[in-house]
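S.K.: The primary structure of each chain is shown beneath.
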Amino acid sequence: MGQLKTRYVMTEQQKMMVFILSMSLFGMATMVSELLPELKFGLVEFKVEYFLFIPLSLAILFHPLHAAVGAALGRIIFGEIMLGQFEALGEIESFLGLVLALYVAGIIVRDPSNKKMVGFAALLAVVIDQFISMGVDIGKVWIGVEEFEAVPGLIESIVAIEGFAFLNDVLFSGILFAMIPTMYLVPKLYGKIEPLLGMKPKTKDLNIPISDIITPNFMVGAAVIAVVAFVAEAFSESEFAPSFEWAFAVENEILFMMISLIVASLISILIIWKILSNRENRKTTN
Amino acid sequence: MDITKKLQGFISVEQLKIEVLNAAYGNTDTTIAKLDSRTIFMWYVFYAIFPWLTHSWIVLTGMFLMLVAMIYLARVSYLLLFLFVFGLVGQGSMVLGVSLFFGGNLTTILPLLMFELKLAIISLAGLIAFSTMEPEKLSDGLLKIGVPAQVSFSISYGYRMLPTLIEEYHHVFMSFRLRGKAPDQHGLLYWRTVLYFMTLIVKSFYPLMLSSAKRARTTVESLESRGSLYSFKNPAVKKVKLGYMKFTYKDGLFGLFNLLYVIMLFMLAVALH
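Listed in order, the protein sequences are those of chains A and B.
So the first sequence is residues 600 to 885, counted in my numbering.
So the second sequence is residues 901 to 1173, counted in my numbering.
To be clear, the hints were calculated from the coordinates, so they are not data collected in a lab.
Note that the structure is predicted; figures quoted are calculated from it, not measured.
By construction, the Cβ of each residue, glycine as well, lies at the ideal position given by its N, Cα and C atoms.
Where hints are given, some of them may not hold.
Unchecked claim - DSSO-like cross-link-like pairs, simulated, lysine-lysine; straight-line CA separation at most 27 angstroms:
#1 B:1114 <-> A:799
#2 B:1146 <-> A:614
#3 B:1044 <-> B:1146
#4 A:614 <-> B:1103
#5 B:1150 <-> A:799
#6 A:801 <-> A:787
#7 B:1103 <-> A:791
#8 B:1139 <-> B:1150
#9 B:1141 <-> A:614
#10 A:614 <-> B:1133
#11 A:715 <-> B:1103
#12 A:614 <-> B:1114
What the hints assert, rightly or not - Quick look at which bits of chain A chain B covers, simulated, 3 or more residues with Cβ under 8 angstroms:
#13 624-631
#14 708-715
If we strip away everything but chain A, and leave its shape as in the complex, we get (with noise of 0.2 angstroms):
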């Protein structure tokens, strides 16, 4: 563990420029991605997935946990949120698996000017994100949603789709979006971006043992992760869910409050808008 500190000894003020960096970078970068065409042979699919070089080279060039949170936070309010394509509780997983696969990602590349290394921490962090992603979309659907083993055809072809996405985002888009991109980046950037943020580049002959990165606490954070990833996905569609349907046997009386009510919820749309013109109307003649 010592080495590790040693080897991220950073300010706030440089944490924070590195969260920013990677944040308006990837949420520029997602929202350009949201609006690229797809590129279709039949059902194999060639899109620029989700830019993840730009998070990757920023992760293995500085400090992976600040890079990895500022991008997937980036991504959900940028290429999310802000688009509409928001889905809130299943979006839980999508945002720890990006982190973790990131964090990964950043913390195994001991050396940016190693090729083969970040290219192949390039791929596993295509691979770990969308595992991650693949695992809780059909867990959830074989474990959690009985509602879809009713329907036939349904179980079978969310494995289908999931599994050849999995297949198919990591061959064509792992292999040329992320990780030749970040082959090319990551050497390129390394000991120019960092002045820029005035620090000092992450030096080659540091040597960290398998064990200092793989501890107990990062094993027990990944299990966490994965866990409370999968509850959230899985509770965001299951029939468990807690339902607020009241079973109310009684009609008439319903239908009086229910009656009551809209008037109710009426007269305070009406008191809202002559509150709002009142006052607009008195603060334009004074």
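Could you slot chain B onto chain A? The hints should help.
M.R.: Chain B in isolation, oriented as in the chain A frame:
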């Protein structure tokens, strides 16, 4: 295969930039934008979580109609709306098509449609909430509900920076195109052209990363010179900074109205069942 045309169409980024700026700064005088940001957050969280807790068509449809009305009131940008509809339809038809292919029938469609409706509600709520708040308001609101100041600042910074970044990326991309040479032949299935554009898309990020690194440093240094990193953690400073935020009668009425509306939807669902 008009992929090159589509790519070139995307490159007319001017419109996108304007829309993003609009989304960030444009709608400050609407009824919804006058609410306290905490009210908007609560409202959003409600609409983001609640659809998962129900299976009633009536409740979901009612919520959807409410949101459509609010979209109108909040004046959400047309481009964002278009993207939203486009994404929803695309995703829905993909899942639907495959499940029909594997032998599902019309009963498959209903739960899937409900799922899509839930997603639509959540996404619309997000669109409304985020496009009615300008960056400062968003940042202060997040700070008030206990998000670390670094994060809330970064979000509003990103919001502000996005149009600039898009413009800069556009410039870099264009200068690459000006200096470079497009392939003479398109090749089989346009692969040369596609490869050319894809390479440019990736390459253009290199200068952009360097320049935004510089900008990030300038930002953090100017923050530091104003003592922001210290004041981020100081509760007294926070109190002064956020002192202007108050719940007014508007927030109360808005909350009450939404609550009544949802209760009414449930009553309707029960009565009509």
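S.K.: All the hints need checking, so say for each whether the structure fits it.
M.R.: Verification of the supplied hints:
1. B:1114 <-> A:799: With Cα atoms ~15 angstroms apart, residue 1114 of chain B and residue 799 of chain A stay inside 27 angstroms; holds.
2. B:1146 <-> A:614: Since the Cα atoms of residue 1146 of chain B and residue 614 of chain A sit roughly 33 angstroms apart, the hinted pair is violated (cutoff 27 angstroms).
3. B:1044 <-> B:1146: holds (11 angstroms)
4. A:614 <-> B:1103: Between residue 614 of chain A and residue 1103 of chain B the Cα gap is close to 26 angstroms, so the pair holds against 27 angstroms.
5. B:1150 <-> A:799: violated (52 angstroms)
6. A:801 <-> A:787: holds (14 angstroms)
7. B:1103 <-> A:791: holds (16 angstroms)
8. B:1139 <-> B:1150: holds (23 angstroms)
9. B:1141 <-> A:614: Holds, because 24 angstroms separates the two Cα atoms, which is no more than 27 angstroms.
10. A:614 <-> B:1133: With Cα atoms ~16 angstroms apart, residue 614 of chain A and residue 1133 of chain B stay inside 27 angstroms; holds.
11. A:715 <-> B:1103: Given that 27 angstroms is the threshold and the Cα spacing comes to 20 angstroms, the pair holds.
12. A:614 <-> B:1114: holds (14 angstroms)
13. 624-631: holds (count 6)
14. 708-715: Coverage by chain B is violated here, the residue count being 0 at a Cβ distance below 8 angstroms.
The structure is inconsistent with the numbered hints 2, 5, 14, although it conforms to all the rest.
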